[in-house]
Structure formats: structure tokens, C-alpha cells
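Trainee: The chain contents come next:
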Amino acid sequence: MVVAAYNLNDTSLHNARVVVAVEYLFESARARMNLLALRIIMLISAIPCGLLFWILRRKFNKRMRKDVPELKTVGAYQTYRKRLHEMEVLMPSLKKVTNYKLANAPWGARYALRQMQKMSSTLISYTEWSRSRLVNLNKPQFDNQGTSFKFKSEEELWEQKNPVYEYWM
Amino acid sequence: MFSSGFPYEKLHHRQKEIGSRCYIEHIYRFRGASGKHYIVQVEQYDFEVYVVKFFLRDMKDSPHRYNILTNLNECTRVLTTVADIMKEVLRENPYASFAFIGSRLQNEQSDVNTKRYRFYTKIVANKISNLHLEHHHSDILSAYLMLNRDSSEPNLIKKLRQMFDELYNLYE
Chain U
2 MVVAAYNLND TSLHNARVVV AVEYLFESAR ARMNLLALRI IMLISAIPCG
52 LLFWILRRKF NKRMRKDVPE LKTVGAYQTY RKRLHEMEVL MPSLKKVTNY
102 KLANAPWGAR YALRQMQKMS STLISYTEWS RSRLVNLNKP QFDNQGTSFK
152 FKSEEELWEQ KNPVYEYWM
Chain D
308 MFSSGFPYEK LHHRQKEIGS RCYIEHIYRF RGASGKHYIV QVEQYDFEVY
358 VVKFFLRDMK DSPHRYNILT NLNECTRVLT TVADIMKEVL RENPYASFAF
408 IGSRLQNEQS DVNTKRYRFY TKIVANKISN LHLEHHHSDI LSAYLMLNRD
458 SSEPNLIKKL RQMFDELYNL YE
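Heads up: the protein sequence lines correspond to chains U and D, in order.
The first sequence lines up with residues 2 to 170 when you count with the numbering used here.
The second sequence lines up with residues 308 to 479 when you count with the numbering used here.
With the rest of the complex left out, here is chain U:
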């Protein structure tokens, strides 16, 4: 049996997508169902949902500072950057979840929502920390003052990059 290695970046993205999907389902249900039906569904699904997020978050927290992907090769950097970009696309939804007021949530959903908020908060911190690893690539190591040369930061280069192309080096 082959066990897939725990990939922190892929896992963070997967977890973020689960949070966003559950949040979307909750909002859709709230918009379409009456309050009683919503409360019944919340009661049935809240504990499994909350437990799921609790388990995912515990596992992720344990690995967060240990299984850090190394950025030694261009391939590793490109994958890391793509995942970071995909996480940043989900950030507004994650921040929306962290801003929900628990007191306004239906009674049955509060436990699940609390777990979702903790997961979102962890993922937001992880994304910000991931971004901070690229700080050195965004400030010049070589001084070009007094010349006509301008530094191109990692962010600028990434914005200009077509995602279809792989790096040569």
C-alpha cells in the first residue's frame, strides 16, 4: 500500500476549499429554506461537521511548522507559488467566515461554526506566513542606485507570468 506524503500546501488548500464549500452550502440553505428546516439540518450535521473541522485543524496544526516545503528548486518554487495564489483567491471567503457572529448563528450550528472559524483563522495565518517566506525575493540583494537598472520583484514577475508556462530555470 502506498501512503501519500502529507503535503502542507495541498492540505491547506484542500482545507480552505472545504471551509468555503461548507460556508456556501450554509448560505444557500439559509436563503432557500425555512427556519425550522434549517434548524433540523443544522442539528443533524453540526456535530459531524464540527468534528471534521476539529480533526482537520489538529492534524494541520501539528504539521504546520514541521513539514515546511523547501524552496530549493524552481519546480518546488513554482508549485509553492501556484498554491499560494490559489489560497489567496479563497482568502476573502475565509475572512468572511472568521467575521461571522456566533451569537447570531442558529443554535445547532454554533459548534460547527466555531470550528470553522478556528480553521479559517489557522489557514489565514498559514497563508500570511507562506507569503512572508517570499519576502527576500521581493527586496533587492544588489544595489542598483546610480544606474539605470530597476529591480524586478518576485511579485512583479509572477504577475507578468503566464500560468501555462513552466520555468526553464
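No lab work stands behind these hints, which were simulated from the structure alone.
Please read all numbers here as calculations on a predicted model, not as lab measurements.
Built from N, CA and C at the ideal position, the CB exists for glycine as well.
Worth double-checking, as some hints may not be accurate.
To be verified - Listed next, the stretches of chain U that the computed footprint assigns to chain D, with coverage defined by at least 3 CB atoms under 8 Å from CB atoms of chain D: (1) 75–84; (2) 133–142; (3) 145–153.
With the hints as your guide, set chain D onto chain U.
Mentor: Chain D in isolation, oriented as in the chain U frame:
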């Protein structure tokens, strides 16, 4: 696009002098799909900087060899081959930095922000990461530097500027 380069071979290398400065010229050659041969000239200067130039072998004695458009429609594979050569240089010398100039086309009046430079700048942004090479560019000189992050040379850009000024009388 940029699928694979052409097979290439290194012909030789030799020391050359301009005034009091020396550099080593490494010559590579490959044949394109059109059947035409290309020469890639990699000039190794002080501070482990390599300047990459290429042209059609048929044009090697022409003063306009860097300016013409070949119209052979194999640009992406040619550039991929040049990149393969750069990778080989980097493998042999892990401290190598690179530089290139986008020469003006024959119908361009100025060397500032040439069309070739703008094209190469786009290619570099898409195909060369800044994980190991720090990117600097000059629209005025139509020049691009990719400086090795493992280089510990202080004031490298100023020294390069001075060196190339002495060699080639570049003006800003």
C-alpha cells in the same frame, strides 16, 4: 511553444582582449529545423558574469548579425536552446550571472527600449524565475541582468556598469 530546444554542441572557448580587459568567449552551435546553423556566443567576464549573444552562422561576419530578423519562424525553439546552454553554464558554474542586450531592429532608430528587448523581457518573466537569479532591467540600455543570489560581490551592478562602459562605451 517553448517545447524543446535543438541539440547543440560546444565548439571551443578562447580568451579575448578589449583594451586592458580580458574575457573568455565560449562558442556553441546548433542547427534549427530550417536547416540553418546558429552560433551562440557566451562571453564570460569578471565577476562571473556571462553575456549571451546568438546569431545565424551565415551572418557571422555581418555587422548587423544581432539586428536582423531571420523570419525562419523557429524563435521559441531557438530561445529554448539558448536557455539550455545557459543552464549548462549554470551547472558548470553555480555562481554564474547572466546579461543580455536586446539589439535594435534594422528599422528602429534608437537603442532605447527596443522591440527585441521588450520581447526578451516578456520571455524572461515567463520562463526564468527569480529564485536563484535576481532580475534587474534597464529600458534606457535595453539591457537585462540576472544576478546570481549566491554572488557575494559588493556593488556588483555598479562594477558591471563600469566594466561594460570601459569595454563598449555605453552611454546613459
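Trainee: Hints broken by the structure, by number, lowest first?
Mentor: none
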